[in-house]
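Undergrad: Sequence:
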Amino acid sequence: MNRHQLTLSRAALILFAAVAATSSMAAVCQDVTFSLINQSAGPIQVVAVRYRDLDSNDTARRWEQNVTDFSCPSGFLCTTDPRNLGSATRPRRNHELTDIQFHHSHLDQFGAWLAPVWSSANVPSTMTCTDNRNYGAFDVN
Numbered sequence: 000m001n002r003h004q005l006t007l008s009r010a011a012l013i014l015f016a017a018v019a020a021t022s023s024m025a026a027v028c029q030d031v032t033f034s035l036i037n038q039s040a041g042p043i044q045v046v047a048v049r050y051r052d053l054d055s056n057d058t059a060r061r062w063e064q065n066v067t068d069f070s071c072p073s074g075f076l077c078t079t080d081p082r083n084l085g086s087a088t089r090p091r092r093n094h095e096l097t098d099i100q101f102h103h104s105h106l107d108q109f110g111a112w113l114a115p116v117w118s119s120a121n122v123p124s125t126m127t128c129t130d131n132r133n134y135g136a137f138d139v140n
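Sequential numbering of the sequence shown, starting at 0, is according to numbering that gives the first Met the number 0.
Since the hints were derived computationally from the structure, they do not count as laboratory data.
Careful: at least some of the hints might be erroneous.
[Claimed, not checked] Derived CB-CB ranges, DEER-like:
1. 110 - 59: 36 to 42 Å
2. 68 - 140: 25 to 31 Å
3. 140 - 61: 17 to 23 Å
4. 138 - 108: 21 to 27 Å
5. 80 - 106: 29 to 35 Å
6. 67 - 97: 19 to 25 Å
7. 110 - 53: 39 to 45 Å
Glycine included, each C-beta is placed from N, C-alpha and C at the ideal position.
Could you put the whole structure together from the sequences, leaning on the hints where they help?
TA: Structure below.
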């Protein structure tokens, strides 16, 4: 093998190693949605979702995601817009989401939205977060 071929071989090996390392450390939890079923007597307006990530350095911390405010009619299944929740600094396999809550408000008797409240915490049957994952549907009152 001549010097030129050896240099090209080394460059290809380095490029392959860099691509492999990047894909194993790529962010996970891309395009994640959260679903709820409005069990209240009237519409609710959802403004945020929060959860705990059992893989984070602080498992008691509640991570909060603002969502595009949306109104969910009584008895309907409603889903948030997709969110990117992952981190490129942790391996792909390490995101376990639990205690999912919806920050939502109800209409008062005059048709104005009341101050938002947090729903009860919901524990999914499978906590592992993956790309294009939907968490829910959880009942919200």
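Undergrad: Against each hint, give a clear statement of whether it holds in the structure.
TA: Evaluation of the provided hints:
1. 110 - 59: 36 to 42 Å: At 38 Å between Cβs, range holds.
2. 68 - 140: 25 to 31 Å: 19 Å, violated
3. 140 - 61: 17 to 23 Å: 20 Å, holds
4. 138 - 108: 21 to 27 Å: For residue 138 and residue 108 the Cβ distance comes to about 24 Å; the hint holds.
5. 80 - 106: 29 to 35 Å: For residue 80 and residue 106 the Cβ distance comes to about 22 Å; the hint is violated.
6. 67 - 97: 19 to 25 Å: Holds - the Cβ-Cβ distance for residue 67 and residue 97, about 24 Å, lies within 19 to 25 Å.
7. 110 - 53: 39 to 45 Å: Cβ of residue 110 to Cβ of residue 53: about 41 Å, so the range 39 to 45 Å holds.
Violated hints, in rising order: 2, 5; the structure is consistent with all others.
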